[in-house]
Amino acid sequence: MIGQLAHELGYSESYLYTLTKKHLNMTLSDYINQYRINQAIQLMIKEPDMLVYQIAEAVGIYDYRYFDRVFKKYMGQTVKSFKEEVLNEEILEK
Numbered sequence: 001m002i003g004q005l006a007h008e009l010g011y012s013e014s015y016l017y018t019l020t021k022k023h024l025n026m027t028l029s030d031y032i033n034q035y036r037i038n039q040a041i042q043l044m045i046k047e048p049d050m051l052v053y054q055i056a057e058a059v060g061i062y063d064y065r066y067f068d069r070v071f072k073k074y075m076g077q078t079v080k081s082f083k084e085e086v087l088n089e090e091i092l093e094k
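Read in UniProt numbering, the sequence shown has 17 at position 17, and its numbers run on one by one without any break.
Honestly, the hints are just simulated from the structure, not real lab data.
Among the hints, a few may not be true.
Unchecked claim - 27 angstroms max Cα-Cα, derived DSS-like pairs, lysine-lysine:
1) 46 / 83
2) 72 / 22
3) 83 / 73
4) 83 / 72
5) 73 / 46
6) 21 / 72
7) 22 / 73
8) 73 / 21
9) 46 / 80
10) 72 / 46
Said to hold, decoys possible - Now the in silico label distances, taken between C-beta atoms and shown as ranges:
11) 17 / 46: 30 to 36 angstroms
12) 5 / 88: 36 to 42 angstroms
13) 11 / 50: 30 to 36 angstroms
14) 18 / 87: 38 to 44 angstroms
15) 43 / 14: 29 to 35 angstroms
16) 48 / 76: 18 to 24 angstroms
17) 30 / 9: 17 to 23 angstroms
18) 15 / 35: 16 to 22 angstroms
Quick reminder that beta carbons are idealized off the backbone N, C-alpha and C, glycines included.
Whole structure, please, built from the sequences with the hints as guidance.
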């Protein structure tokens with residue numbers, strides 16, 4: 001994926017990593033994972049009935065266990081606990 005992105009932008013992978021680190025102050029992998037987690041959160045809010053593996057696949061991660069680990073790294077809680085929290089907030093707002 002990163003190789004393809006670098007090729008389409010006309011950069012080498014290493015230069016793309018360097019640019020990301022310099023301008024975003026994070027690795028390219030971290031940036032991509034944060035983007036995916038943000039997309040996943042939006043999906044959970046819009047589609048609360050989606051299963052974890054469906055959310056993971058929708059954001060481009062095809063191993064739901066890996067997705068759960070990445071989610072916990074960035075959000076400090078598992079996908080399941082986050083979903084429960086979001087659903088409880090939705091119910092309370094109604």
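| query | Looking at the structure, which of the earlier hints fail to hold? | reply | none
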